[in-house]
Amino acid sequence: MPTPIAIPIQPFAQAQQHLLLAEHEAEIASSPLSAQSGGVSASTRRILQATGYALTGLVLVNCRTGMGGREVGEFGVDSAIGSGARKSKDAAEKNGAGDGGDDGGAERLGAHGMRVGDVVRVEDVSAGSKGGGGSKGKAGKEEERKDAGMEGVVTRVGERSVWVAFGGAGGGGGAKGRDEESVQDFWGKKVWMVKLANDITYRRMKQTMTKMENMTESDYSYFMRVIFGHTTPSPVDLSSVETIDFIDPTLNDSQKEAIKFALASKEIALIHGPPGTGKTYTLIELILQLLRQRLRILVCGPSNVSVDNIVERLAPHKVPLVRIGHPARLLSTVLEHSLEVLTQTSDAAAIVKDVRKEIETKQASIRKTRSGRERREIYRDLKDLRKEFREREAKCVDNLVTESKVVLATLHGAGGHQLKNQKFDVVIIDEASQALEAQCWVPLLSASKAILAGDHLQLPPTVKSVNSKPSEKPKGEAKAVQDRDKDGDVGQQKMAKGVTLETTLFDRLLSLHGPSIKRMLTTQYRMHEKIMQFPSQELYESKLVTAEAVKLRLLKDLPYEVEETDDTREPIVFYDTQGGDFPERTEEPVMPTKQKQKQTSMFAESKSNDMEAAVVARHVEGLIANGVRPEDIAVVTPYNAQLALLSHLLKDKFPGIELGSVDGFQGREKEAVVVSLVRSNPEYEVGFLGEKRRLNVAMTRPKRHLCVCGDSETIRR
24 MPTPIAIPIQ PFAQAQQHLL LAEHEAEIAS SPLSAQSGGV SASTRRILQA TGYALTGLVL
84 VNCRTGMGGR EVGEFGVDSA IGSGARKSKD AAEKNGAGDG GDDGGAERLG AHGMRVGDVV
144 RVEDVSAGSK GGGGSKGKAG KEEERKDAGM EGVVTRVGER SVWVAFGGAG GGGGAKGRDE
204 ESVQDFWGKK VWMVKLANDI TYRRMKQTMT KMENMTESDY SYFMRVIFGH TTPSPVDLSS
264 VETIDFIDPT LNDSQKEAIK FALASKEIAL IHGPPGTGKT YTLIELILQL LRQRLRILVC
324 GPSNVSVDNI VERLAPHKVP LVRIGHPARL LSTVLEHSLE VLTQTSDAAA IVKDVRKEIE
384 TKQASIRKTR SGRERREIYR DLKDLRKEFR EREAKCVDNL VTESKVVLAT LHGAGGHQLK
444 NQKFDVVIID EASQALEAQC WVPLLSASKA ILAGDHLQLP PTVKSVNSKP SEKPKGEAKA
504 VQDRDKDGDV GQQKMAKGVT LETTLFDRLL SLHGPSIKRM LTTQYRMHEK IMQFPSQELY
564 ESKLVTAEAV KLRLLKDLPY EVEETDDTRE PIVFYDTQGG DFPERTEEPV MPTKQKQKQT
624 SMFAESKSND MEAAVVARHV EGLIANGVRP EDIAVVTPYN AQLALLSHLL KDKFPGIELG
684 SVDGFQGREK EAVVVSLVRS NPEYEVGFLG EKRRLNVAMT RPKRHLCVCG DSETIRR
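In this note's numbering, each number is its position in the sequence shown, counted from 1, plus 23.
There may be inaccurate statements among the hints.
Claimed, not checked - No more than 27 angstroms apart at the CA atoms, straight line, and that leaves these computed lysine-lysine pairs for DSS-like: (1) K234 to K279; (2) K487 to K229; (3) K579 to K553; (4) K472 to K279; (5) K279 to K341; (6) K213 to K406; (7) K289 to K472; (8) K428 to K376.
Just so you know, these hints were derived from the structure itself, not from any lab.
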């Protein structure tokens, strides 16, 4: 194996900070709120709601104390402020203090894009409309926007109301510069809520890279030296795990080999899991084996879904585990293992119970008093009570985390205060090839051993900033690298300058240390063997094999009645649109005028193909006519304009069908998947399709049936 080229750690950390800043700025610029400062007009609010970024015409209809001492406000439609609000409040209380079903008396919310876990700001409409004028500088306007409302996290979305948790750590927090309890000020006022960019992830990555930059040579652990190529990984002695007793009897040989390798590795092991190869099952067995060795484990992933998936599979094994994260963002099935629920249900919960009760009594008394002086006194008492609640809860949290053998969190969640002084023997990162490297360092900076699982041959994390390309680095970064590297080592400068956000830690370790640090899972349990053939040959060195249970299954064999036709007994269908009759277009797709105006800017550079969309729609209609359920079908395409066109053709007719971009469908699967490639032009330009990993994702989503529509002449070239 060639000797790895050492990467200088300080210039690497500096380069990452420059790139992360550029990425954060690009994200803010892409938000429709980036141009807004000061007040927001009613028409702008309506546009923001139409594009899924806001919800207007609301009033506060209920208020309670939620998890972690947070206040939860329930917001309903404005006209419900009279009797509707009362009914909503009664319904909420009847169903468990605002977590219950929707109230039949209140008006339904209009179409909107609010989702559980979104960070939002709720603003008083009259306060928000005053700003934006005169000679105020940018900073003044920005301050005014912050003061115009309160920031929180959406915890529940119903047909008639949206619940938002305000205050406390773990996402959104309280409004900056305002008391947490000021949610009470919204009573009787017209309000609106708007989505905010969540900058917690960026802040944690930046803090981590700053720490790394400030480390001296003597601070670098042996683990860090291996990761940056300053030394080679310790030899792996598999004899120590040869007699291992596996808990899951269904594991295949490649899964067992990957587990043994990961257990025996001293610093780093990569588990390469192509689509459908049972990566999560492998990780569950690995965690259970590590626990047998009396080791303490931190399990992380780039998204809440990736972490919750592991919690769900691990929970039945009855291991002492705790899931860290804002409850609004967790799957309901894992809530009982969340830190915040455990602080209420565990033995340690008694120490916070009485304070919570007192807070709720005080809160209820606010609305009963008309005196401003009395209200201010209650607010002061509440503030003291909340402080006491947080202090008691912190002790409770510390005990719970310390007693847990397995702690699970998102990568940036691992940088929260709950894990500040916690030590782990092993850090496991799932979906590591979908995470930015700086994100991985949040849990890894104090680690001594890491196991990374993922597939570097699927799509990497989305990067919005153009500055992530090495040829377009900010000048400041090159200068910083040169200043640090005064001895003029050209190789070192090159390494620091070559840092990009698209290169994941998984990728970098493979290129640094070669395949000796990796084990690949080779049996796939998702696709018909014919669907698997192309990706296996093109990307996985023909190493994939299909499990017996799935290798021949077709749509006609679904567990409900499906007619046997050419389509339902065929695993792969290709519609070739070559011949120039199906040309792509760059302008926006044809659709109703209102919808078109809303989406024009979004599709400025996007491609669509009307004739191909018609072929896709016809194929989908045929499958459904043959008995395949719409919810078992997905239609994916690399282009937003084509997605809008397909939605227009199919969504009203078949609400159950799933439509999405190829990138957004990574990690998902369906019985039947129809892929619209779109590109067809005399220049044979393929655009997005030139990225093999995107094609790999598109073609590895189906279980029984893959249909591809495209111009073979364009694609072939």
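Hint-by-hint comparison with the structure:
For a cut-off of 27 angstroms, the pair hint linking K234 to K279 is broken: about 37 angstroms separates their Cα positions. Taking the CA atoms of K487 and K229, the gap is about 17 angstroms. The hint holds against a cut of 27 angstroms. Only pairs whose Cα atoms come within 27 angstroms are accepted, and K579 paired with K553 is accepted, the gap being roughly 16 angstroms. This hinted pair checks out: K472 and K279 have alpha carbons roughly 20 angstroms apart, not beyond 27 angstroms.
Under the criterion of a C-alpha separation no larger than 27 angstroms, the hint pairing K279 with K341 is consistent with the structure, at around 22 angstroms. A hinted pair counts as satisfied when its Cα atoms are at most 27 angstroms apart, and K213 with K406 qualifies at roughly 26 angstroms. For the suggested pair K289 and K472, the alpha carbons sit about 6 angstroms apart, so the restraint of at most 27 angstroms is met. For the proposed pair K428 and K376, the alpha carbon gap of about 26 angstroms is at most 27 angstroms, so the pair holds.
Of the numbered hints stated above, the single one contradicted by the structure is hint 1.
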